[in-house]
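Student: The residues making up each chain are set out below.
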Amino acid sequence: MSAVVESPVAAPRKLSAPTRVWRWFGSNVLRLYAVIAFAYLLLPVVYTFVFSFNDAGKSNLVWRGFTLDNWLNPCGAPEVCGSLLNSLAIGFIATAIATALGTLIALSLVRYRFRGRSSTNLLIFLPMATPEVVLGSSLLALFLNLFVPLGFWTIVVAHIMFCISFVVVTVKARLASLDPRLEQAAMDLYANEREAFRRITLPLLAPGIAAAALLAFSLSFDDFIITNFNSGQVNTFPKFVYVSANRGIPPQANVIASAMFIISLAIVLIAQLVGRARRKG
Amino acid sequence: MSIAAALGDVQRDNLQGSPQPQRRGRFVPYLLMLPGLLWLGVFFVIPLVTLFMMSLQTAVPGGEIGEYEQTFHFANYVEVLTDPSYYTPLFRSFVYAACATVLALLIGYPLAYFIAFKSGRFRNVFLIMVIAPFFVSFILRTIAWRQILADEGPVVAAMKWVGFFSDGIGGIYPSALAVVLGLTYNFLPFMTLPIYASLERVDPKLVEAAGDLYAPGFTGFRKVTLPLSMPGVVAGTLLTFIPAAGDYVNAALLGNSKNTMIGNRIDYAFLNTNDYPTAAVLSFVLMACILAVVLVYVRRVGTEDLL
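Protein chains in written order, with the numbering used here: chain A, 1 to 281; chain B, 1001 to 1307.
This is chain A alone, in the form it adopts within the complex (with noise of 0.2 Å):
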């Protein structure tokens, strides 16, 4: 450092050639890059959005003029608000049986030592790394050697299923990154294990439980491969899509998946600026 200080207007170190192409990329063509990733993520978005006001005839194909119609009347296509309202129901019923059960698991994964914990870890694991074409598969091979008939319920089971170990690997992270002590001074100010638990514990982990309750909606309401595989004649959205995209898919099917998106938006926009409240109140 001496050097510095005998000459202030040293010359700048050389530097090498790929480190100068490095500053430069670092400057300009990462953002430039960055700007044409995000295009890509976000133009099938984009086109959805705005093909929901596409004037289309049977098939929303080709942009044929503007029209506010299919926001004011998104049943207006067959089936479209039916097959909402099965996913609707299916992810509420799958999101709060999974998260109740997951929070369960990630609850006694993280705060007990025992017997057969690291297997149990396995087994959350693994659905999370199975294809979804297994797993479908596989319960639908159940269904069908026990003769259960397929449809709204069986494709809730389905769900439940997968969205579990989404939700202990939320709940665990947040269990995991809570400070023990707060509940060790909870104790030294005569709470009782019980006590402490759901007056210390329970509120800090609100947030968690809520992450993974949304995650387990989105990944319930989203799903079609399993869905597809245990559904039956039971329509959902994802499945209504899949199934019209040869017939054409009608515009209110932008809208609802438009108004989803903005509704999804919202709720994360919220928490973010509760969050920030939060911390500096």
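Think of the hints as simulated: they come from the structure by calculation, not from any bench.
A quick note: this is a predicted structure, and the numbers were derived from the prediction, not measured.
Treat the hints with care, since some could be wrong.
What the hints assert, rightly or not - From the structure, some residues in chain B lie toward chain A, with a derived Cβ separation under 7 Å:
hint, residue
1, L1040
2, L1048
3, L1051
4, S1137
5, R1141
6, G1217
7, N1256
8, A1279
9, M1287
10, C1289
Virtual Cβ for every residue (Gly too), placed ideally from N, Cα, C.
With chain A held as given, fit chain B onto it using these hints.
Tutor: The following block gives chain B in isolation, referenced to the frame of chain A:
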């Protein structure tokens, strides 16, 4: 957010272990886990066993379509694996998935790097933009690509205008390229988020220290940042490769009969021709192949934190 948190924290959790006090419970933990594990046992483990049994069945002689009996006919595997109409899509699945994984890495790594180090106070906005596509139905997004890439769509029009395609020849949809682009697109956030999560934890002081030790810029990146982000790269490539290899929606919506993947064959055998043993064999072969690829890959890259 939740997905980013989940993916990031899988690694964090594995790296640090849990700081929670560990209680010794006799029955409590088992009781807490019982309903959830029972669910996974009945609807995940038992189905896999059922599927395996199904893969060893043969048609009932003189029975109806879809009637099979348990004969432990291991030759099913040989029959399926020597049939080009099955091993070609299997091979194709892995080629497409590998291409999509490499492309997603090439797009996702710089994107994650940008968000982690160059995004300033808009970092959360960019993160939300990465997961925003998840808020629109996966199928609809894939169909949007089909229409964007179609012959009458904007991409082909632009390319024709530049002179890339002359009239009458060429086009992007349906083709292998379109399928790979679709796969890359659909799994890109799964690549970007774990890489971001591991880059975010790189201490800038380390990179600075590298700079002080005469490893500025690119060398510093190669020797410090890149190795530290490897857990994210490994997680991202696995989270892209595994679902991409098993996917069939992209091949069905963006490809034609020359682009069928193994997932399409499983779906067709199960739901259209009711050829359950073949579908079951294909599912198990797919799983075995994915497992083999993943094990070799994880060995090679040498990350053991992952599992």
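Student: Which hints, by number, does the structure contradict?
Tutor: Those not satisfied are hints 7 and 10.
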